[in-house]
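Novice: Chains as they are written, first to last, in our numbering: chain A, 1 to 213; chain B, 1 to 213.
Since the hints were derived computationally from the structure, they do not count as laboratory data. Be aware that a few hints might be false.
Derived lysine to any residue pairs resembling SDA-like cross-links, with alpha carbons at most 25 Å apart [said to hold, decoys possible]:
#1 A:Lys92 - A:Pro153
#2 B:Lys6 - A:Asn109
#3 A:Lys92 - A:Asp159
#4 B:Lys163 - A:Arg38
#5 B:Lys205 - A:Pro153
2 protein chains.
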Amino acid sequence: MENLNKATIQRLLLYYHYISDHLAHTDGVSVSSAEIARLIDVDDTQVRKDLSALGLKGCPRVGFKMAEVKQTIRIRLGFNDCHKAIVVGAGKLGGAIGSYKEFFDYGLNVIALFDNDPNKIGLMIGDHVVQPVDKVETFIRDHDVQMGILAVPADTAQDVARKVIQAGLKALWVFSSTHIEVPENIAVRHEHLLGGLAEMLYSMKMQTIKQSV
Amino acid sequence: MENLNKATIQRLLLYYHYISDHLAHTDGVSVSSAEIARLIDVDDTQVRKDLSALGLKGCPRVGFKMAEVKQTIRIRLGFNDCHKAIVVGAGKLGGAIGSYKEFFDYGLNVIALFDNDPNKIGLMIGDHVVQPVDKVETFIRDHDVQMGILAVPADTAQDVARKVIQAGLKALWVFSSTHIEVPENIAVRHEHLLGGLAEMLYSMKMQTIKQSV
């Protein structure tokens with residue numbers, strides 16, 4: 001099966017969300033590529049190409065079975081798999097990400113949170129007690145954890161990343177405000193919230209200047 | 001003054017973070033463009049060009065004054081401004097974003113949270129009591145709020161966006177898993193956490209397949 005590129009993954013996710021919302025609000029069982037295309041502002045041909053690449057064939061004048069499209073996207077993107085994950089850094093952001101139930105529906109199963117702050121260790125966050133970070137490597141090995149969510153301060157993030165990868169993690173989802181280097185065989189994704197904020201505030205500032213000229 | 005593009009904003013932010021960390025750990029007052037370049041994996045010439053575009057001149061063999069670089073970046077990116085912001089959708093994610101103290105240092109001042117869930121209204125999140133969402137428009141007008149953080153369910157996000165923009169918001173930071181259309185004069189930034197998660201899980205899946213072949 002062909003590999004999906006990032007843009008295709010994002011489109012499939014949009015189709016998936018659109019159908020999930022649509023399914024919840026209509027009695028219909030089918031959806032046409034034109035309907036999907038219109039609502040998410042993508043070309044109709046692109047939608048049909050993407051769905052056809054997943055092996056989905058629509059019926060003329062009826063469209064695609066919504067439940068089938070949804071399940072096929074779930075399987076192809078791996079949402080039906082169950083990935084054991086841990087959070088390192090149980091501050092506000094780490095705690096929120098770690099106890100955000102919606103991620104579970106996408107195959108992410110957070111089974112533990114870790115921190116180095118004695119005031120946080122022992123606290124309940126969501127369904128889990130915060131554990132001391134010096135136990136994280138043993139935990140990863142004992143529980144065969146695959147994924148790590150990093151929400152530690154920027155200046156310790158690379159060091160934590162090195163440790164958890166050495167202990168066996170295959171993927172890192174990084175919320176620390178820094179760039180983490182990982183070996184080639186490790187999946188990594190940075191969510192630079194401060195970068196997003198900076199871009200938005202700057203673009204708001206430019207708008208204000210433009211309007212006052 | 002020239003407008004900054006997104007890539008430049010992200011580089012300035014990296015310099016800023018690097019210097020903030022560096023300042024905290026050394027006794028030095030100066031930093032060379034080569035040092036910055038080496039640590040964040042950007043070309044030395046690029047660093048000098050970016051800093052020179054901000055009007056900063058380094059001294060030969062000494063480098064740039066760290067405090068001056070930091071302040072100049074803060075002013076240019078607008079971190080020293082104070083933007084009044086509200087959060088709509090006081091679930092786990094909205095609550096975490098709304099009470100995340102680090103954003104304040106970047107000019108974002110969250111002054112209220114709103115939700116439509118009677119079980120959430122009245123709760124304390126961070127320093128604020130969650131207010132009913134039907135008061136959001138009056139609040140925006142009364143307090144001259146400029147920015148909104150949306151963390152409502154995907155299927156209501158566009159509707160909420162329309163209302164808050166009509167009430168006067170100039171910028172939206174969207175954490176709902178959907179794409180929001182806004183008028184041209186409104187700044188918008190989407191943080192598609194589920195999109196990031198999907199990309200990362202897929203890339204981990206592909207790595208596993210590659211290694212097992």
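Novice: State for each hint whether it applies.
Specialist: Do the hints match the structure? See the list:
{"no.": "1", "hint": "A:Lys92 - A:Pro153", "result": "12 Å, holds"}
{"no.": "2", "hint": "B:Lys6 - A:Asn109", "result": "34 Å, violated"}
{"no.": "3", "hint": "A:Lys92 - A:Asp159", "result": "21 Å, holds"}
{"no.": "4", "hint": "B:Lys163 - A:Arg38", "result": "23 Å, holds"}
{"no.": "5", "hint": "B:Lys205 - A:Pro153", "result": "28 Å, violated"}
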